[in-house]
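Number of protein chains: 2
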Amino acid sequence: MGDRLVVIGGDAGGMAALSQVRKGSPECEIVVLERGHWTSYSACGIPYFVAGEVAEVERLVARTPQQFRDRDRVDVRMRHEATGIDLGARRVAVRDLERDRTYQLPFDQLLLGVGGRPIRPPLPGIDLPFVHGVQTLDDGIHLVRHAEEVRCRRVVVVGGGYIGIEIAEAFVQRGASVTLAERAPQVMSTLDPEMGQRVTAAMRRHGIDVRTDTEVVGFEDGRVVTADGVLEADLVMLGIGVAPNGELAGAAGIELGVRGAIRVDRRQQTSADGVWAAGDCCESVHLVSGQRVHVALGTVANKQARVAGINIGGGYATFPGVLGTAISRFCEVEVARTGLTEAEAAAAGFGAVPVTIESTTTAGYMPGAERLAVKVVAERGTGRLLGAQIVGGAGSAKRIDVCAVALTARMSVHEMVDLDLAYAPPFSGVWDPVLVAAREAIKAV
Amino acid sequence: MGDRLVVIGGDAGGMAALSQVRKGSPECEIVVLERGHWTSYSACGIPYFVAGEVAEVERLVARTPQQFRDRDRVDVRMRHEATGIDLGARRVAVRDLERDRTYQLPFDQLLLGVGGRPIRPPLPGIDLPFVHGVQTLDDGIHLVRHAEEVRCRRVVVVGGGYIGIEIAEAFVQRGASVTLAERAPQVMSTLDPEMGQRVTAAMRRHGIDVRTDTEVVGFEDGRVVTADGVLEADLVMLGIGVAPNGELAGAAGIELGVRGAIRVDRRQQTSADGVWAAGDCCESVHLVSGQRVHVALGTVANKQARVAGINIGGGYATFPGVLGTAISRFCEVEVARTGLTEAEAAAAGFGAVPVTIESTTTAGYMPGAERLAVKVVAERGTGRLLGAQIVGGAGSAKRIDVCAVALTARMSVHEMVDLDLAYAPPFSGVWDPVLVAAREAIKAV
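From first to last, the protein sequence lines stand for chains A and B. 4 is the number of the first residue of the first sequence in our numbering; add one for each residue after it. 4 is the number of the first residue of the second sequence in our numbering; add one for each residue after it.
Honestly, the hints are just simulated from the structure, not real lab data. Be a bit skeptical, because a hint or two may be false.
DMTMM-like cross-link-like pairs, simulated, lysine to aspartate or glutamate; straight-line CA separation at most 20 angstroms [as the list claims (entries may be wrong)]:
(1) A/K26 with A/D99
(2) A/K26 with A/D73
(3) B/K26 with A/E443
(4) A/K26 with B/E443
(5) B/K26 with B/D75
(6) A/K446 with A/E361
(7) B/K446 with B/E361
(8) B/K446 with A/D75
(9) B/K446 with B/E418
(10) A/K446 with B/D75
(11) A/K26 with A/D6
(12) A/K26 with A/D111
Which residues of chain A face chain B? A few of them, derived with a C-beta cut under 8 angstroms, are [said to hold, decoys possible]:
(13) V57
(14) R62
(15) L326
(16) T328
(17) I330
(18) S331
(19) T411
(20) D421
(21) D423
(22) L424
Ideal Cβ placement from N, Cα and C applies to all residues, glycine included.
Excised from the complex, chain A in its bound form (with noise of 0.2 angstroms):
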């Protein structure tokens, strides 16, 4: 590779990469810009921390600018800000936001890790301070820290998905009294309704004032206004997804593809040479539906970035792609999808079987066991799976990943439904849920 690798995001998309361009590359200048304070923290621990559950802040820190510093030889450049890239010229402008200076930064190798950030849809109001989305290791400390001096008691979090019911469950262990408003007819609009409804059923069990179909039209200060009335609130949480944070690399003339993300090559190549992306702001590959997708998610992040960082260090690696694989909790309820839902399986043209079984967590006799419900898609026809959903008890979730794994081997449920899974009676019944599913699903497609 060239002499220097210049670095934009210190999270997760550019900070994942750097071993690997030092094991190839030992040699290389290594810059990295990070506009805000921390370096490669973990986002999705933020509800933790948000909760209680994490006391310090810097637990959700894996690695500190100092340590990057001395186990890579990278000269990490906290609170500055890429502000224009020339790809003729090969340099990015930067900006010391502490000492409100401006410079240019040539590079060889240009990485861009620059993440995403919460969907703000342009509302009145929009833009109160009561108004949150959290995405960054700073907008967490914003948040609690203004939690924390209104004493907020009405929180109104925006939005049922993932991000939507981890904070409402943090702020229900907060002791504050959560509405949500979520726009469809059930949260967790990543799985198909009936599956959602299964969370919204546990999240008004714990008292969660849930309110779907509900459009939320503004703000005024102090109140979410919907178009179904006014409801009160200290602080308002958005949690409507996220956006690439694509303008950079559009603006030097990079080609964008699925709203707005960067399009990359399989080895995570930009459209322009020399010039990289990985993690929240860049396109990912859908293994199922073959389909550009945007997935925002640190697995993703992490495993793009490895990619990406033995590709500048001169070796070769490619991202196959994602599933959309995600799992979350509400309080004792487990959440987990993967693939395409039916819904996303028609839409891609796919001849779409859903099944749907009720089992347990373990053998049903075992004190502790736990209900769950799967549902597989399965192609007409050729019994492939498409995708998979899993909502239950404690130990239901993490079972996503048999899937996960199946669908990326392209297999069928003729051939999941002999699969040797683990068995005994603490761990599941003799026939674990997902084979349960698979063996109903054969009968169907």
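Please build the complex by placing chain B on the supplied structure of chain A, with the hints as guidance.
Chain B alone, transformed into the frame defined by chain A:
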């Protein structure tokens, strides 16, 4: 199919075939011969009945004789033992144990689900009444009754495999003082020794007197004699393994294989036309080594019986084979394996590269994170996964299923590292421990 199917054995190997047989062949006559008092029970649940976690033995019964009669129109003959098979005349010799009479029962097709039995090495005193093996529900009831009668305080468990550690835990929960005698240097000799060592250590932490490298040479009343001295015992449990009940088939001229298990083809048919076998009495093919093996597990029995039932009913199905996946727990320590251990892989002729990593069950910063170790064995050069072992705290061991699916799909560790497994802080680190192991294995192969 012919007019009459005779099934020998009322547990999984036989009974799990019935609904498939009925589907393919609604009108045939089905006669089941069971020499014991129970049908279709969870033998794997017996340790939890012994421990008192499962209060009534009836809870271990999935389906009673009457339920089979009602659902599948089956003539279930309890306490009837098959004593001989005449392949030429196509009939079974039956002894009615209650009425002490014998009769001949003609068959058109025959399904052998005759199970296995605890291995009893030919040692002096092995037949003393205080020496127990547990395979059937009748055995389990007899064991608990005896333990209550003698108010057993001192238990010696011979053999530290799955049954051994589960029964040891059960008697700890009953308040007994437990000694475990294991011939090998570590318990769990189905794992590589350094993984078994973690289980040995856990058992000692819980007060089990684990005597490794200890050969039992005989039994006297109230004493177990070892090469290193005598152990006092009110009750002895054998946990040395399970032998297939192949004798009935062997005497009839049906081909036997590994360890005397009944040889079957991929449709579960024996060497005799129209005679089928499933479960602990028969062989399987190991999906990684390609070798014939004897694996006595409820999951395998159920799957083989399902395949046999489809074929008996005139359909077509094959059983692909096993991975030797197994899981257990000793108190809070979970243990699992799948595929080949390092030693088994070397013995099967593979260039086997072992890698062991330590990680946590959840994100490391979450309260309740438990430590776990994952060992993967990969093929040198190709990186093909050959096997995996996990030992760790609550939430560790069921992850072995990811490796079981990857083995079935013949994945390499290079393919595994990009698997889109589920991540959220309560469920996993951002790199699932299995992926951490795969990532390290890539460096080693």
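For each hint, the structure was consulted:
1. A/K26 with A/D99: With Cα atoms ~30 angstroms apart, A/K26 and A/D99 exceed 20 angstroms; violated.
2. A/K26 with A/D73: holds (15 angstroms)
3. B/K26 with A/E443: At roughly 14 angstroms apart (the allowed maximum being 20 angstroms), A/E443 and B/K26 satisfy the hint.
4. A/K26 with B/E443: holds (14 angstroms)
5. B/K26 with B/D75: It holds: about 9 angstroms lies between the C-alpha atoms, which stays within 20 angstroms.
6. A/K446 with A/E361: Status holds; Cα separation ~16 angstroms.
7. B/K446 with B/E361: holds (16 angstroms)
8. B/K446 with A/D75: Holds: B/K446 and A/D75 sit about 18 angstroms apart, inside 20 angstroms.
9. B/K446 with B/E418: holds (13 angstroms)
10. A/K446 with B/D75: holds (18 angstroms)
11. A/K26 with A/D6: holds (15 angstroms)
12. A/K26 with A/D111: holds (18 angstroms)
13. V57: It holds, given that the least Cβ distance between A/V57 and chain B is near 5 angstroms, below 8 angstroms.
14. R62: holds (4 angstroms)
15. L326: holds (4 angstroms)
16. T328: holds (4 angstroms)
17. I330: Holds, about 4 angstroms.
18. S331: holds (5 angstroms)
19. T411: With a closest approach of 6 angstroms, the A/T411 hint holds.
20. D421: Nearest chain B Cβ about 5 angstroms off; hint holds.
21. D423: Holds. Min distance 4 angstroms.
22. L424: holds (5 angstroms)
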